[in-house]
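Guided by the hints, dock chain B onto chain A, whose structure is given.
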Amino acid sequence: MQLFLEIGRYSRLLYEAIRSASEFKTYRKNLFSEMVKTGTDSLGIVSVAGFFTGAVLTIQTSYQFTSALVPKSTIGAITSQSMIIELAAVISGLVLAGRVGARIATELGNMRVSEQIDALESMGFNSVTFLVIPRVIAGILMFPIIYVAAAVSGIVGGVLAGLMTGSVTVHEFMEGARLYFFPWDVAFGVIKSFVFGFVITSISCYQGYFASGGAEGVGYATTRATVLSCIYVLLSSFLLAAILL
Amino acid sequence: MRLGNELKIGITIVVAVLVGFAGFRIMKDSPIFRLGTVYYVSYEKVDGLSVGTAVLVSGIKIGSVQQLQLLPSDSVRVMLNLTIPEGLPGGSVAVIRSVDLLGSKAIEIRRGFGDPIPYGGELEGSFDEGMFGDLAERGDEISTNVSASTQTLNNILSEVESMLREGLRADIEAGTGNLERATREAGDLITESREDIASSLDHLNQMLANLEDLTSEERGEIQRTIANLEATSEELKTMSESLTTVSAQLAEILEKINNGEGTLGKLVNDPQLYNNLDSLSVNLNTMVKDLNENPRHFLRHLRLVDIF
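Residue numbers (this note's numbering), protein chains in the order written: chain A, 1 to 245; chain B, 1001 to 1308.
Keep in mind that the hints were calculated from the coordinates and are not lab data. Quantities reported herein were computed from a predicted structural model and do not represent experimental measurements. Idealized CB from N, CA, C, for every residue including glycine. Any given hint might turn out to be false.
Derived CB-CB ranges, DEER-like [unchecked claim]:
no.	chain 1	residue 1	chain 2	residue 2	range
1	A	A68	B	G1059	39 to 47 Å
2	A	M164	B	I1011	25 to 33 Å
3	B	V1146	A	A68	18 to 26 Å
4	A	L239	B	F1021	25 to 33 Å
5	A	L239	B	G1114	53 to 61 Å
6	A	L69	B	N1154	21 to 29 Å
7	A	L245	B	D1115	45 to 53 Å
8	B	G1059	A	V227	49 to 57 Å
In silico BS3-like pairs for lysine-lysine, Cα to Cα no more than 27 Å straight-line [said to hold, decoys possible]:
no.	chain 1	residue 1	chain 2	residue 2
9	B	K1045	B	K1008
10	B	K1256	B	K1266
11	A	K25	A	K37
12	A	K25	B	K1008
13	A	K29	B	K1061
14	B	K1028	B	K1045
15	B	K1028	A	K72
16	A	K72	B	K1256
17	B	K1008	A	K37
18	B	K1061	B	K1045
Bound-form chain A, shown alone (with noise of 0.2 Å):
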């Protein structure tokens, strides 16, 4: 039953985003410093993962590959295409996640036990226009930028691995990675994106948004905004792997 009452909230809560989604003069300043906050201020944090994360797929697919007969190029067809394709957009909506997600479930959290959701509502805005669209906004807005960050630091940090263990040249690295590039996949990766910031921003927004109990009610919100977060992007990554692959 929890389950159910939960999934109805969850889109009453999307469905009253979504009916005042045109009043954009509510929100827009709001909308303006949440993507600073969830774009921006998230790239740095983002292109490590994904530099590292492309790193170690060069060195582990050369130490595992040691057939003669699979040329070189073949690491950087590998490396290439699975940060395009999942990696960039899936590291990055799991570190997001955690950064974006907690710091929207935790001030949204607070606003709703200091009962300041409750001040707004009653001072005539609408707390889901204002708080929750620009949010959610922000998230669909900036992911692909994240996925841009992730996949190009991926690639170089497959490169740089690479001609730093001497294990694949820059040359074959590119000449794989080419070979194996189909702007689908970049279409799907950014498709991918757009369906994680909405995940990510959503849920943490629910979870906040709904929380009660005190200071242990938020960190039971946050809590649960990261670990849902998680689980979904895992999941509508699969669901979209399967749907559109």
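Same frame as chain A, now just chain B:
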């Protein structure tokens, strides 16, 4: 300077779009900030070719495949994006060929010597099957042969192995040992009897020399003997000729006798004489018998008896 949120977002988005665009172009191997030179090639088939396949001149990459388009006639129109500043000369041929063991392909441009082809023009295309094309065509045959050969080889090897395991090894070793011993003994023998052999050879030499002396001393005699032999054989020849004629004449005579010609012939062939002689002897017999029994009968007329 404290940046406003809008500015930050603007910078972020612009940078992301630029980086994304540049990365996309790099991955597609297109020149980043300008359009390359575009040429078209038509092929019957483009096995292993894909967007991004390298275009080479003398092994140096000068561009890549930008687009593959299947024409209604089932041939394929390939769009090449090249980064060379000058156009390709006329008569240039774009050859699809293998670049590694896994069947990766590249397009190699063999330059012609004609007037430059304008941008967007058509190149001549050809497909180089290469070593692996041949192999693939004959693969079935080769693989059956190879597997059959491998099977036979396996059998042979296992037989050899089992033979070796079943004690043949000892035999072989013993055989080799014997051979070695025999060789050593032969060597010893030769060393020991070297003097004997030398003296034997000396004797042989001497004998041959004696023989030679003998023949040179008796040469005249031998020549005479040979001359006599020649004369004798000549006489023998004439004798045999006359014998031949004699035997021919004899054959003639015998033939005549056979045919009953002449006295001898009649004697041999005509039974009448014999018959006459036979009846005569019978008559004589009876007469003599009669004479014995009745002498008076014959002597009746001999009065002399009466006289007595």
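These are the hints, each one checked on the structure:
The supplied range of 39 to 47 Å is broken by A68(A) and G1059(B), whose beta-carbon atoms lie about 22 Å from each other. Judged by the Cβ atoms, the range 25 to 33 Å given for M164(A) and I1011(B) holds: they are separated by roughly 31 Å. At about 21 Å, the CB distance of V1146(B) to A68(A) agrees with the hint of 18 to 26 Å. In this structure, L239(A) and F1021(B) meet the distance hint of 25 to 33 Å, their C-beta atoms being roughly 29 Å apart.
Taking 53 to 61 Å as the suggested C-beta distance range, the pair L239(A) and G1114(B) conforms, at roughly 57 Å. Distance hint for L69(A) and N1154(B): a CB-CB separation of about 24 Å, consistent with the stated range 21 to 29 Å. For the pair L245(A) and D1115(B), the supplied restraint of 45 to 53 Å holds, since their beta-carbon distance comes to about 48 Å. A hinted range of 49 to 57 Å for the beta carbons of G1059(B) and V227(A) is consistent with their spacing of about 55 Å.
Distance hint between K1045(B) and K1008(B) is unfulfilled; the C-alpha atoms sit about 51 Å from each other, more than 27 Å. With a CA separation close to 10 Å, the supplied pair K1256(B) and K1266(B) stays within the 27 Å bound. Using a Cα cut-off of 27 Å, the hinted pair K25(A) and K37(A) holds, with the two alpha carbons roughly 20 Å apart. Straight-line distance between C-alpha atoms of K25(A) and K1008(B) comes to about 20 Å, which keeps the hinted pair within the 27 Å bound.
A threshold of 27 Å between alpha carbons decides the hint, and for K29(A) with K1061(B) the separation of about 51 Å lies outside it, so the pair is violated. Using a Cα cut-off of 27 Å, the hinted pair K1028(B) and K1045(B) holds, with the two alpha carbons roughly 22 Å apart. Between K1028(B) and K72(A) the CA atoms are separated by roughly 19 Å; this keeps the pair inside 27 Å, and the hint holds. With a C-alpha separation of about 117 Å, the suggested pair K72(A) and K1256(B) falls outside the 27 Å cut-off, and the hint is violated.
The straight-line distance between the Cα atoms of K1008(B) and K37(A) is roughly 10 Å, inside the 27 Å bound, and the hint therefore holds. Restraint check for K1061(B) and K1045(B): the C-alpha separation of about 22 Å stays at or below 27 Å, so the hint holds.
Going down the numbered hints, you'll see the structure goes against 1, 9, 13, 16, while the others check out.
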